[in-house]
Amino acid sequence: MRTWIPLAVALLVALGLWIADSPPDQLGGKRPSRKQQNQAADLVIRGAQTSHFDKNGLLAYQFNSDKLTYFQYTRRDRADLVNPEIIFFEESEPRWQVTARTGRATNNGSNVVFRGNVVIERSGAGAESKLSTSELQMKPHDKYAHTNKTVTISNLGSQITGKGMKADLNKNHLELLSEVESTYETRQGTPE
Amino acid sequence: LPGDRDQPIKVKSEHLEADRSKNLSVYSGNVEISQGSLKISADRVEVYGNEKGELSRVVAIGKPARFEQKVSASEGLVKAHARRIEFTIRSDMLNLSGEAFVDRDGNTLAAEKIEYDMSGEQMKAQGNQKGEQSGVEMIWQPEKPANQKNNNSKKKGQ
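Line by line, the protein sequences are chains A and B.
Using the numbering used here, read the first sequence as starting at 1 and increasing by one per residue.
Using the numbering used here, read the second sequence as starting at 1 and increasing by one per residue.
No lab work stands behind these hints, which were simulated from the structure alone.
There may be inaccurate statements among the hints.
[To be verified] Derived, one-sided and incomplete: chain B residues facing chain A with beta-carbon distance under 8 Å:
(1) Pro-2
(2) Arg-5
(3) Lys-10
(4) Ser-13
(5) Glu-14
(6) Leu-16
(7) Ala-18
(8) Arg-20
(9) Asn-23
(10) Lys-52
(11) Glu-137
Here the structure is a predicted model, which is why all the values come from computation and not from measurement.
Virtual Cβ for every residue (Gly too), placed ideally from N, Cα, C.
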């Protein structure tokens, strides 16, 4: 009946050893303390330019910044950016460009927050449009962006504002989540 | 009004989904559209455009969707409602379907489908295909007798 007791004891001993061996801050990947956050940077790059490729080897996006200050913590990292810029490519053509005054990249650049005069511009014949807001969260690998701030979109004779946005740049699909107001200028000879 | 078409089109709503590849914007939640004296209110409105950003068609869906416009300075409003209202901007055509109703200065037309050519001021109506009772019903206000018209204009003159 009591065969499970030795097994439980063995498990407890193993757990205890593991805890003893692991330094505390390794365990929970604790958030860096204020002091750690303000520690000296691990790396500072001026005029940073990085190119990122998709699984087919095609250029997916370029990520540039006038100044990149990088901090490596135990299980996290952080890069503070000045004048960050991301240019997304489609079939090797620049299609979307995101710029801002400052930015912060975390998790090896897979999450980026742009702040201050954030502008998304779409280029390409007849497809120009410009979107501006004060703050934008972006996942560059997924070409997905969202914000809860007010957004203004100007696009070939129309102006649209709204509060809160989700944008999938891959699918050219965008949602404004509330308080939507649009103005479309009409021009003579609007075709069928 | 004739000048309506030169006015910008304004849209207000709670939510917007825009698909650039289809040049389609879908507004939903208390949608209100205005262009000069033209007004449309609905639960959901699909706005179709082209690559140059020009609008070509607006489809309003509601319970019902409502439309109104002042046709000329001297006449009252044209009011219409239906479950689906399609407004083709260039040709000034209004296609109403689903318990469609149009009221122009008291002259009314109710049918399952109504095609209203606003520039040519012509209407075509179609009853329910299933042969049920709901056919086309038109109520035309009698013309006011000539003397009454003159009296009215005299009164206005004094």
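Interface hint status, B:Ser-13 versus chain A (Cβ within 8 Å): Holds: closest Cβ of chain A sits about 5 Å from B:Ser-13, inside 8 Å.
Does the CB of B:Glu-14 sit less than 8 Å away from some CB of chain A? At about 6 Å, which falls below the 8 Å cut-off, the nearest Cβ of chain A leaves the hint on B:Glu-14 intact, so it holds.
Satisfaction of the B:Lys-52 interface hint, Cβ to chain A closer than 8 Å: holds, 6 Å
With a cut-off of 8 Å, does the beta carbon of B:Asn-23 approach a beta carbon of chain A closely enough for the hint to hold? violated, 10 Å
Answer holds if the nearest beta-carbon of chain A is closer than 8 Å to that of B:Arg-20; otherwise answer violated. Check passed: Cβ of B:Arg-20 comes within 4 Å of chain A, closer than 8 Å.
Proposed interface contact between B:Glu-137 and chain A, which counts if any beta carbon pair is under 8 Å: Violated: closest Cβ of chain A sits about 32 Å from B:Glu-137, beyond 8 Å.
For the hint on B:Leu-16, just tell me whether its beta-carbon gets within less than 8 Å of chain A. holds, 4 Å
Once the shortest beta carbon distance from B:Ala-18 to chain A is found, is it less than 8 Å? The hint holds - B:Ala-18 has a Cβ within 8 Å of chain A, the shortest such distance being about 5 Å.
For the hint on B:Pro-2, just tell me whether its beta-carbon gets within less than 8 Å of chain A. violated, 13 Å
Is the interface hint for B:Arg-5 satisfied, with its Cβ closer than 8 Å to some Cβ of chain A? holds, 6 Å
Min Cβ distance, B:Lys-10 to chain A: is it shorter than 8 Å? Holds - the Cβ of B:Lys-10 comes within 8 Å of chain A, reaching about 5 Å at its closest.
In summary, the numbered hints that this structure violates are 1, 9, 11.
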